[in-house]
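Enquirer: Can you build the whole structure from these sequences, using the hints too?
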Amino acid sequence: MTYALEINQLHKAYDNGFEALKGISLKVAQGDFFALLGPNGAGKSTTLGVVSSLVNKTSGSVKVFGHDLDIEVSQAKCMMGVVPQEFNFNMFEKVEDVIVQQAGYYGIARDEAVRRAEQLLTQLGLWDKRFEASRTLSGGMKRRLMIARALVHQPKLLILDEPTAGVDIELRRSMWEFLTRINEQGTTIILTTHYLEEAESLCRNIAIIDQGEIIKHSPMRELLKTINTETIVLDLHQPLLHAPEVEGYYLLLVNDTHIEVTLNQGQDINTVFVALSAAGIKVTSMRNKTNRLEELFVNLVTSNKTDLKGVSA
Amino acid sequence: MSSYEIYIAYSTIVRKEIQRFMRIWVQTLLPPSIIMVLYFIIFGNLIGSRIGQMGGFDYMQFIVPGLIMMSVITNSYGNVVSSFYSTKYQGNIEEMLVSPMPNWVILAGYVTGGVARGLAVGAIVTTLSLFFTHLEIHNLGIITLVVLMTSILFSLGGFINAVFANSFDDISIVPTFILTPLTYLGGVFYSIDLLPDFWAGVSQLNPILYMVNAFRYGILGVSDIPVGYALLVISVFIFALFSYCMHLLNTGKGIRK
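Sequences listed follow chains A and B, in order. Quick note: the first sequence uses our numbering, first residue 1, plus one each step. Quick note: the second sequence uses our numbering, first residue 1, plus one each step.
In short, the hints are calculated from the structure, not lab data. Be aware that a few hints might be false.
[Unchecked claim] Under the rule of at most 25 Å between Cα atoms (straight-line distance), these lysine-lysine pairs were calculated in the DSS-like manner:
1) B/K88 - A/K142
2) B/K253 - A/K27
3) A/K142 - A/K129
4) B/K257 - B/K88
5) A/K94 - B/K257
6) A/K22 - B/K257
7) A/K22 - B/K253
8) A/K142 - A/K156
9) A/K216 - A/K22
Note that this is a predicted model, so its numbers are computed, not measured.
Expert: Here it is, written out as structure tokens:
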């Protein structure tokens with residue numbers, strides 16, 4: 001089977017001896033929407049940097065749609081588009097020129113490049129800004145410009161390093177819709193993000209990297225199944241003095257109008273609602289205390305750090 | 001990439017580079033023109049009239065080829081060093097590094113941009129010099145060849161400087177402390193026949209001497225150095241610098257982490 005991305009035993013050590021990647025291996029299937037998560041400095045950007053040829057690896061191999069990045073460089077690079085974390089276009093160039101020039105670097109003739117730029121800038125809501133210097137764009141527009149630039153050569157694999165960082169929620173959601181659409185059209189997407197809600201709602205598969213090692217690599221659904229507990233916050237219509245008791249469930253009165261319900265695996269919130277309703281307690285709204293993936297992520301990273309401390313001790 | 005795709009990638013960089021220096025012509029084309037006019041007035045007219053002849057020509061006629069070469073050298077170098085360093089500084093070098101474009105195309109694109117500015121300024125300075133003296137063309141082929149080779153060589157030099165530069169200060173150190181002294185000592189304002197034997201020998205280690213003299217031969221028909229030997233020396237320098245540039249690009253020195 002040919003993977004969209006296949007990384008084998010990737011090592012990266014910097015000149016100062018810091019080992020950013022300790023032999024990671026990763027496979028991303030064609031058509032996948034894949035999340036690569038990890039705390040700051042875990043090695044996410046280094047991994048994507050090696051894949052996109054911006055960082056020299058120490059050892060290991062990277063294949064993009066079966067093309068080895070060391071042997072078939074040109075074919076491998078043509079297959080992928082990269083949206084980096086930092087704004088990295090020429091701030092003095094016009095918006096349209098940023099796209100057309102990038103197309104030129106991929107050998108796309110100018111007429112065709114201009115046609116594609118029009119199409120992408122229209123899709124991403126930047127067509128009106130095409131003659132403006134890119135430095136004058138807002139942060140969200142700059143992010144969309146980088147996405148348009150990465151797509152101009154019609155890559156089969158799109159790599160996004162924190163594409164929605166600093167973007168307001170409305171724009172973030174419109175970017176999610178855009179990314180979902182191009183994924184449905186067949187583009188494989190690899191995403192790093194600190195918004196775990198984003199990863200949970202968009203991605204089908206996930207890898208968590210910490211201290212240069214992959215500590216989890218599985219389908220999102222399976223990973224979420226491993227969560228043992230979930231905490232739901234209920235907003236009450238009237239204040240209470242004590243937390244109500246529901247047999248088999250743990251309820252905590254956070255303040256007089258908020259209750260936290262801890263659900264263990266197999267328990268359902270319906271039982272709690274029935275019991276509260278019978279006691280005459282009216283619930284006006286409910287929400288998850290934290291994102292489910294966020295809870296899991298924190299647990300995994302914390303336990304990895306504890307394990308490593310144990311090893312070094 | 002096919003040859004046609006490589007041609008498009010190359011022409012994209014060249015177009016970008018030419019547009020860049022044309023867009024900021026007040027910073028790139030105007031200052032060297034003003035400086036050279038001052039050289040013509042001060043050294044050529046005011047001081048030159050008291051010096052008399054040099055190498056069998058009016059002093060103004062003698063220094064014009066050197067001054068044209070000086071502007072070609074500084075502008076070819078300056079174009080590549082500032083443009084490529086800005087590309088590094090802003091991070092948009094990554095646009096090229098993630099693309100399938102071979103490294104030699106990146107180098108060729110930037111060098112062509114440097115050559116284009118060197119030739120543009122050279123043409124402006126040559127035109128301005130005609131207001132001060134009469135120029136006869138002795139050998140157009142030599143003139144063209146020397147100007148092209150010199151601008152290629154110094155564009156390559158500018159590229160190396162940009163790769164190693166870590167700040168905007170670093171891109172002015174080499175032009176200020178190396179390029180300008182070498183140009184002044186490269187026979188622009190005098191014939192090395194005037195120097196004592198020892199210093200005339202030392203001058204022969206200066207590559208700019210060969211360029212200035214070969215170019216002067218193309219215009220005036222006189223040179224302190226045999227022209228064939230001068231062309232050979234310039235070719236060797238071009239080969240050495242090109243090889244080093246490719247080594248830097250292939251290893252990612254200064255541009256990849």
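Enquirer: Which numbered hints are broken by the structure, listed smallest first?
Expert: Hint check: 2 and 5 fail, others pass.
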